[in-house]
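Asker: Chains as they are written, first to last, in the UniProt record's numbering: chain A, 1 to 364; chain D, 1 to 364.
Calculated from the structure, these hints are not laboratory results. Don't take every hint at face value.
[Stated by the list, open to error] Within a straight-line C-alpha distance of at most 20 Å, the following computed PhoX-like cross-link-like pairs (lysine-lysine) qualify:
id, chain 1, residue 1, chain 2, residue 2
1, D, K3, D, K93
2, A, K86, D, K86
3, A, K86, D, K93
[As the list claims (entries may be wrong)] Coverage of chain D stretches by chain A, computed from C-beta distances (three or more under 8 Å per stretch; other residues unrestricted):
id, segment
4, 137-145
5, 153-162
[As the list claims (entries may be wrong)] Covered by chain D, per the in silico footprint, the following chain A stretches (three or more residues, Cβ under 8 Å):
id, segment
6, 279-286
7, 322-335
Computed from a predicted structure; not experimentally measured. Just so you know, even glycine gets a beta-carbon here, dropped at the ideal spot from N, CA and C.
2 protein chains.
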Amino acid sequence: MRKIGKQEIEDIAVGAALLGTGGGGDPYIGKLMALQAIEEYGPVTVLDLDEVPDDALVVPSSMMGAPTVMLEKIPSGEEAIEAFQKLEEHLGKKIYATFPIEAGGVNSMLPFALAARLGLPVIDADGMGRAFPELQMVTFYLDGISATPAVIADEKGNTALLSTIDNVWTERIARAATIQMGGSVMNAMYSMTGKNLKESGISNILRLEEEIGKTIRLAKANNVNAIQEVLKTVGGFELFQGKVTDINRKTESGFARGIATFEGLNEYRDETLQLRFQNEHLLAQTDKRLLCVTPDLIAVLDAETGLPITTEGIRYGSRCVIIGIPCHPKWRTEKGIETVGPKYFGYDVDYTPVEELVNQEVTK
Amino acid sequence: MRKIGKQEIEDIAVGAALLGTGGGGDPYIGKLMALQAIEEYGPVTVLDLDEVPDDALVVPSSMMGAPTVMLEKIPSGEEAIEAFQKLEEHLGKKIYATFPIEAGGVNSMLPFALAARLGLPVIDADGMGRAFPELQMVTFYLDGISATPAVIADEKGNTALLSTIDNVWTERIARAATIQMGGSVMNAMYSMTGKNLKESGISNILRLEEEIGKTIRLAKANNVNAIQEVLKTVGGFELFQGKVTDINRKTESGFARGIATFEGLNEYRDETLQLRFQNEHLLAQTDKRLLCVTPDLIAVLDAETGLPITTEGIRYGSRCVIIGIPCHPKWRTEKGIETVGPKYFGYDVDYTPVEELVNQEVTK
């Protein structure tokens with residue numbers, strides 16, 4: 001058990017945005033929401049997974065919708081409370097603690113904002129170890145945990161309580177409703193027991209995020225290269241250095257979809273990188289080689305500061321370093337690849353672990 | 001209080017399809033569903049509105065979606081039961097009786113199918129006195145009765161319980177969910193008290209439907225013109241006689257939308273009628289004159305049998321008589337016209353009562 005104050009929030013927001021691989025929302029907005037709540041209600045208690053009772057009711061707090069919309073429609077916090085209260089009412093049981101569903105600038109911060117207001121602890125675990133665009137893309141789904149009963153709530157006061165035959169149906173119906181409800185909503189879904197979370201969650205994700213954020217923050221003072229230090233912290237690989245020459249994004253079917261093109265710099269100057277995304281970065285390839293593909297993580301970092309850039313933050317002319325990070329082993333199982341691998345997103349490539357792709361390059 | 005058996009069902013289905021003005025579902029399917037349930041569970045009790053206790057919980061049973069989809073996806077009846085049970089569970093109160101939300105081949109029959117299975121009575125009242133395509137288009141809306149809590153249920157076992165700030169939001173969110181759920185769902189919404197229904201409902205609608213159906217059925221045996229007899233029964237007007245020369249329909253945004261063109265026959269042979277619909281017929285005009293416009297009723301009848309034809313049943317070459325019927329006075333109020341008048345549907349004409357349009361013609 002530990003207390004999370006403002007500095008920790010700042011660091012977690014940055015680390016979460018990096019693991020959010022371009023999605024999961026803007027870290028600046030997420031940070032403001034959490035900081036404001038902590039300012040008003042005091043620091044939040046974080047529990048390690050093994051501190052949670054097996055029979056406790058735990059529910060992640062998250063947002064769904066296109067990150068492009070979240071930028072324009074900042075949630076007040078009331079929606080999240082309403083979603084939690086409707087779910088508690090339906091289940092007839094108090095929620096013991098919340099936790100992030102995924103890593104991401106907003107989705108890692110929302111549990112803190114909600115926990116501060118409701119006086120709940122936050123558990124140091126999530127359901128992805130990164131971010132993904134669809135509701136069923138959580139380790140809980142791989143383990144057969146139902147997303148429903150699921151409450152979605154908008155800022156106007158509309159709510160929907162869904163009960164579906166599987167989590168893919170939750171995604172379909174909730175996504176369609178979300179588009180009508182203004183493009184983003186707050187969720188209370190994937191309610192589970194402490195035991196479920198211990199078995200299916202990805203633990204110590206907040207510690208890792210905080211460590212990443214701290215590494216980037218202190219790099220200048222410590223006179224080290226922020227990106228190289230981050231690669232050590234996360235066990236990742238540098239994939240490319242480039243300058244943004246084209247960015248093509250649209251918000252469709254409730255997602256921010258597109259392709260960013262990077263012209264190579266330094267030792268990559270003969271190559272052009274194409275980065276494909278659907279809320280999150282999903283595939284990085286040059287004309288010559290595949291560099292990294294979902295479910296492995298692809299993060300775009302500012303070449304100078306090492307700070308992560310979200311898909312909506314990619315700007316023409318920005319100089320970036322693109323890094324790859326091996327995903328959690330749960331995603332490398334057959335059901336994992338089926339659920340979030342390249343084929344699911346319509347890319348005609350087989351999944352190959354990023355460490356193998358990187359080694360192929362070296363031996364070439 | 002009276003009992004409704006098979007013959008009454010046959011007649012009500014036909015009369016409801018006529019008042020359904022092309023929408024509300026196919027009378028053949030609706031009839032089969034109701035007849036099957038009555039066959040299995042026995043006749044259904046119909047209550048007059050004044051027989052319902054003021055404090056009774058009453059809930060209409062209906063379907064939403066494109067009638068074109070209903071033709072391909074006949075509900076099993078389980079969805080309706082599930083929707084009612086979820087709503088009862090949420091409200092913590094037993095439903096006393098059901099009733100139709102609108103007139104229509106399917107939507108007037110569903111309450112009978114459900115009532116037979118659940119052993120509930122059906123109340124002789126509805127919320128339109130005709131059919132309309134959107135959820136908020138009920139007399140209850142004019143009187144400020146909320147559509148939510150609203151349950152929608154599909155045949156796969158998915159349900160959504162909506163709570164919205166107004167009935168237009170219910171329509172938006174439920175429509176989007178319906179499209180995902182296969183294009184049609186069963187509803188349990190607009191729960192109200194007996195007193196609400198007495199104040200806001202349109203009473204004796206089942207009696208009128210039965211009378212229409214009986215008139216058409218017996219016309220041949222009675223050696224009378226079915227259509228002329230129906231016009232007397234409903235207080236309507238013959239608008240046109242024509243042959244279908246073009247029918248342009250598509251299912252979009254969850255609705256069956258389109259235009260049917262009729263080449264005039266007999267005294268109308270110099271004119272061509274265009275009939276515009278969105279699930280229901282909404283506007284009938286020739287190149288020379290406006291004949292009838294929503295919220296007044298426009299029904300297309302088979303020239304020979306007098307049987308009503310739904311929008312999806314309009315076939316090239318069919319010989320039809322198009323009739324107009326004054327709508328219930330509740331629709332002719334300012335809020336009524338705003339909610340269901342021609343402007344709402346995007347037609348740039350002012351609402352003029354059908355009896356005035358008909359008289360204009362006569363004086364011409």
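Asker: Okay, which hints does this one fail, numbers in order?
Answerer: 1, 4, 6, 7
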